[in-house]
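Number of protein chains: 2
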Amino acid sequence: MKLLRDKVMEEGIVLSDQVLKVDSFLNHQMDPVLMKEVGREFTRRFAGEQITKVLTIESSGIAPAIMTALELGVPMIFARKHKSLTLRDNILVEKVYSFTKKETNEITVSKKFLCPEDRVLIIDDFLANGEAAFGLARIVEQIGAKVAGIGIVIEKAFQPGGRLLQEAGYQVESLVRVASLENGTVTFAEEVIS
Amino acid sequence: MKLLRDKVMEEGIVLSDQVLKVDSFLNHQMDPVLMKEVGREFTRRFAGEQITKVLTIESSGIAPAIMTALELGVPMIFARKHKSLTLRDNILVEKVYSFTKKETNEITVSKKFLCPEDRVLIIDDFLANGEAAFGLARIVEQIGAKVAGIGIVIEKAFQPGGRLLQEAGYQVESLVRVASLENGTVTFAEEVIS
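Going line by line, the protein sequences match chains A and B. Number 36 in UniProt numbering belongs to position 36 of the first sequence; there are no gaps in the numbering. Number 107 in UniProt numbering belongs to position 107 of the second sequence; there are no gaps in the numbering.
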């Protein structure tokens, strides 16, 4: 997605070989026009998948997910992140390890918003090791629903998440794929210019 | 806002005299069409205020805020919530007490996304005691920018936040105002049917 790649080039800040900061348009300040285009692009890429729900995780996934849900004409659900839980009635819970924060969180979704007939599109802002996406997929599968696809705004393709998700059989669509952040420079994975 | 009031009547669950659960369309599952209409309504109510930024707080404020920002054609920023912070460089920090969770959080916004010339529209999903809205307003004022208005999706008008914010001189626009949750029933404050 050219618009997004241009934005990464212009405003992305390479903090290290592993960390790309995009807080001017995706993680803290958000560009609503770009988010709308992201929603359109996910809708185009998952056309024909008969999506019934969009699922994301708080907080940075919410804006791209609500725009995608608007475009698809379906509800959006955001999973909540907790340190740990006592109350477990009527909720779906999965553990997700964060490599960035070096901690395990529990993510939760209320059972009443997913049913076995659902075809769920998972949306997230970043894909690195795939922990969050796998956690969301397990939530969907716990209830017997189908993961119809996984849409990622920025994939760090030098980390294994994308490959692992594809090996697990999921259709992963990343709007930009970053091949490397070495030498303080963003290098994109080869892709058709869209 | 009739659409929103209807939704509260149809799907809102009164958990106690103080607590209204709206997790089917605002706090967990979200209705994207409703969020778009919420964005349009805030834009209509704050027309002429020359808004330059929309500011909200994670997580449930993000969807109404991004839709408002899209309609206004300005960037959106979401403040982050933390338990407490050590790193304080280049960020604006305010303490916010949560009556619901009975804890004090620090909310933060990066200094680089606000400037003294900004006219900021604060958006939040709920208004009760006004702690979050006051915290966001102090963030805006710390940098010398102007709070151009405060837009609330659902105000619990039986709690003091709305009155306190207006007494402090802010223009507060709540799309629905709940006067009471007594006897398990939602009663709305009198307002012109829009």
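FYI, nobody ran anything at the bench for these hints, they're computed from the structure. Each hint should be verified, as a subset may be incorrect.
One copy or any two copies: either way a pair holds, since identical chains are not told apart in the list.
In silico DMTMM-like pairs for lysine to aspartate or glutamate, Cα to Cα no more than 25 Å straight-line [as the list claims (entries may be wrong)]:
#1 Lys101 <-> Glu117
#2 Lys95 <-> Glu49
#3 Lys36 <-> Glu103
#4 Lys81 <-> Glu106
#5 Lys83 <-> Glu141
Status of the hints after comparison with the structure:
1. Taking identical chains as interchangeable, the C-alpha atoms of Lys101 and Glu117 are never at most 25 Å apart, the minima being 35 Å within one chain and 35 Å between chains.
2. Proximity of Lys95 and Glu49 under a CA criterion of 25 Å is satisfied in neither setting, with 28 Å inside one chain copy and 45 Å between copies.
3. Taking the closest pair of Cα atoms, Lys36 and Glu103 never come within 25 Å of each other, the shortest separation being 32 Å inside a single copy and 35 Å across copies.
4. Within a single copy, Lys81 and Glu106 get their C-alpha atoms as close as 6 Å, and across copies as close as 18 Å, so both meet the 25 Å cut-off.
5. In this assembly of identical chains, Lys83 and Glu141 lie within 25 Å of each other by CA distance solely inside one copy; the values are 22 Å within and 32 Å between copies.
Checked against the numbered hints above, the structure violates hints 1, 2, 3; every other hint is satisfied.
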